[in-house]
Amino acid sequence: MELSREEVRKIAELAKLDLTEDEVDLYAGQLSHVLGYFRKLQEIDTSAIAPTASVLPLKNVFRDDVPQPALTPKQVTANAPQSLGDQFLVNDVFED
Amino acid sequence: MAHSEWKTIVGLEIHAELLTETKMFSACPVVDSVTAPPNTAVDPVSLGLPGTLPVINKRALEMAMQVGLALNCEIPPVNQFARKSYFYPDLPKGYQISQYDRPLAVNGYVDIDLSDGSTQRIRIRRAHLEEDTGKSMHTGDGSLIDYNRAGVPLLEIVTEPDIHSAEAAEVYARQLRAILVYLGVNDGDMSKGVMRIEPNISVMHKDDTGYRTRTEVKNLNSIRSLFRSIEYETARHIKAWESGEGVRQATMGWDEAKQRTVVQRYKESAEEYRYFPEPDLPIVEVSREWVAEIRATLPELPIAKAERFMNELGLSRYDAGVLVAERAVAEYFEQGLTTGVNAKSLANWMLGQLFSLFNARNITREDIATTKISATQFAGLVKLVDGGTINKATGVTVLEEMYDTGADAQAIVDAKGLAQISDTSAVEAAVEQMLAENPAWLTEYLGGKDKLFGPMMGKVMGILKGQGNPAVVKEVMAKMLNARKV
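First to last, the sequence lines map onto chains Z and B.
Per this note's numbering: the first sequence = residues 1 to 96.
Per this note's numbering: the second sequence = residues 1001 to 1486.
Here chain Z stands alone, though its shape is the one from the complex:
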């Protein structure tokens, strides 16, 4: 399956990546290759296997509603590239 340059640009946009024209060509090839592997998987007959979202046979893993201490505000913002007071400081978001 070949991914078009247009599809790659779309995927990049959704992932907030700025790609050069060369990179679009590069990833179009690489991603098409990856999809090729999955086409291989699709050859397997799975008609007798129930669809699942997980490979683990787990269900109903819950916790009780009992609080544990939170981090301190200093710890919370410790890794922030920018912070002000005890808050994260980010660039304003302008929506189109």
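These are calculated hints, taken from the structure and not from any lab test.
The structure displayed is predicted, hence computed values, not measured ones.
Any given hint could be a false lead.
[What the hints assert, rightly or not] List time: in silico DSS-like cross-link candidates among lysine-lysine, alpha-carbon distance up to 27 Å:
id, chain 1, residue 1, chain 2, residue 2
1, Z, Lys59, B, Lys1258
2, B, Lys1258, B, Lys1007
3, B, Lys1206, B, Lys1135
4, B, Lys1239, B, Lys1267
5, B, Lys1479, B, Lys1451
6, Z, Lys59, B, Lys1007
7, B, Lys1465, B, Lys1416
8, B, Lys1383, B, Lys1416
9, B, Lys1218, B, Lys1084
10, B, Lys1449, B, Lys1459
11, Z, Lys74, B, Lys1192
12, B, Lys1474, Z, Lys16
13, B, Lys1465, B, Lys1451
14, B, Lys1267, B, Lys1084
15, B, Lys1465, Z, Lys16
16, B, Lys1372, B, Lys1383
17, B, Lys1218, Z, Lys16
18, B, Lys1192, B, Lys1206
19, Z, Lys74, B, Lys1344
20, B, Lys1383, Z, Lys16
21, B, Lys1344, B, Lys1383
22, B, Lys1093, B, Lys1239
23, B, Lys1239, B, Lys1058
24, B, Lys1206, B, Lys1007
25, Z, Lys16, B, Lys1093
26, B, Lys1416, B, Lys1372
27, Z, Lys10, B, Lys1093
28, B, Lys1392, B, Lys1465
29, B, Lys1372, B, Lys1344
30, B, Lys1084, B, Lys1135
31, B, Lys1392, B, Lys1479
32, Z, Lys10, B, Lys1007
33, B, Lys1258, B, Lys1239
34, B, Lys1084, Z, Lys10
35, Z, Lys59, B, Lys1344
36, B, Lys1093, Z, Lys74
37, B, Lys1416, B, Lys1474
[What the hints assert, rightly or not] Stretch-level coverage of chain Z by chain B, calculated; a stretch enters the list once three of its residues show a Cβ under 8 Å from a Cβ in chain B:
id, segment
38, 37–50
39, 65–71
40, 83–92
Just so it is clear, CB atoms sit at the ideal spot from N, CA and C, and this is done for glycine as well.
Mind docking chain B on chain Z? Use the hints.
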């Protein structure tokens, strides 16, 4: 404008934070995100730090199921969380854990009573669990992000587009809020954003065979603004279609100051959230036994309570509706009833004198339990009036004093000597005094001017310092006047 040719089409999405102790997917405490200092209730899971894993809060799941059952929904045997991917600074992971194709509750309904006396069924499409986002505050020089709210359990309740007027939307929203408050899963405070309502609005022409473009309205901080935004937006749509300009699909914001909607952004293409099953969370299997257990925990809900007040206590539909609208009010009423007071009198005094006092003192009805007058004390006052110890006017005075001091009605009546005068000799003396002071009235009255009876009775009540038993005063005075006619 030919409004009759157009029909309003509204579907509502309600987001309600659940009143759990901890967040949806971690043991991080939940705090009041309006008043708590920023980033004081945040843990590595709320931040989506690498290596963290979510674990489902069982209490949140149970609360959501309670709501689903209260909304007459089916609870499917399996529900599942999914990732909704988008980028925004208040969403630290780059995705929100939500539910998509396997929600927790589906196909419910709420029946609402409209002012024209009709009842309408609003179908609930689905209710699903997700996590709330953080809060961003725009400073003009960047945005500040507080993640206290990130990860708080959020229940989204979506109706079918069955709502056809601003009034119906308001009634539905009030009823839904009452249900959430009765269940104790949300306090219903829209101004704090713990309950958020977003209408999807379009209009349909009588000749239309399908839906027209719709707009969504955000930023509504009260049910009143929900009502107004639907009225405004519907009129805007009709005008735009009739002028040929048309409506563009958009997210609108409600401007409370200007009482109008403004475009926040146009939606040119369908949003791509790339939902897929959340790999970090196993499925939730809901056995029928579990559903039965949850159903057994449901309290009596507003509609059932109102029906009972009507059928068992003989209250009017209106009175019952007002009493059940706020859970705290209904509880106050029912607590008062335990004293054996007459239910109708208690209802009349609550809806009349007590709520007038609340209005005068700027108290909201939800805060009824926080005032100095307990439910049993209030019932005590109503009993004194019903039993004739004090008259209605004195009752109002006593009520105000109870409100200020928290004293019992009987204690106030005793201390101030407010008990009603039913003693006929005292009343007779007062009537004699009135006649002596106003000889002209007697002559005119005896001459046929019957309407003087009112002012004369007023005078007698004044002489009795307002404490005369009106029925006794009327009877004694009538008897004495008739005696003079002969």
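27 Å Cα cutoff - pair Lys1416/B, Lys1372/B: Status holds; Cα separation ~20 Å.
Pairwise hint evaluation, Lys10/Z against Lys1084/B, where the allowed Cα distance is 27 Å at most: 17 Å, holds
Distance restraint between Lys74/Z and Lys1192/B, which requires alpha-carbon spacing of 27 Å or less: 26 Å, holds
Satisfaction of hint between Lys1344/B and Lys74/Z, Cα-Cα up to 27 Å: 58 Å, violated
Restraint status (C-alpha distance of Lys1258/B to Lys1007/B at most 27 Å): At roughly 25 Å apart (the allowed maximum being 27 Å), Lys1007/B and Lys1258/B satisfy the hint.
Restraint status (C-alpha distance of Lys1392/B to Lys1479/B at most 27 Å): Holds: Lys1392/B and Lys1479/B sit about 24 Å apart, inside 27 Å.
Agreement of Lys1344/B and Lys1383/B with the hint, judged by alpha carbon distance not exceeding 27 Å: 12 Å, holds
Given pair status - Lys1474/B, Lys1416/B, alpha carbons within 27 Å: 24 Å, holds
Hinted pair Lys1218/B and Lys16/Z, Cα distance within 27 Å: 26 Å, holds
Restraint status (C-alpha distance of Lys1206/B to Lys1135/B at most 27 Å): With Cα atoms ~43 Å apart, Lys1206/B and Lys1135/B exceed 27 Å; violated.
Pairwise hint evaluation, Lys16/Z against Lys1474/B, where the allowed Cα distance is 27 Å at most: Cα-Cα ~85 Å, so violated.
Lys1392/B paired with Lys1465/B [C-alpha distance capped at 27 Å]: Given pair Lys1392/B, Lys1465/B holds - Cα atoms ~14 Å apart, limit 27 Å.
The structure fails hints 1, 3, 6, 12, 15, 18, 19, 20, 22, 23, 32, 35, 38 (numbered hints given earlier, in ascending order).
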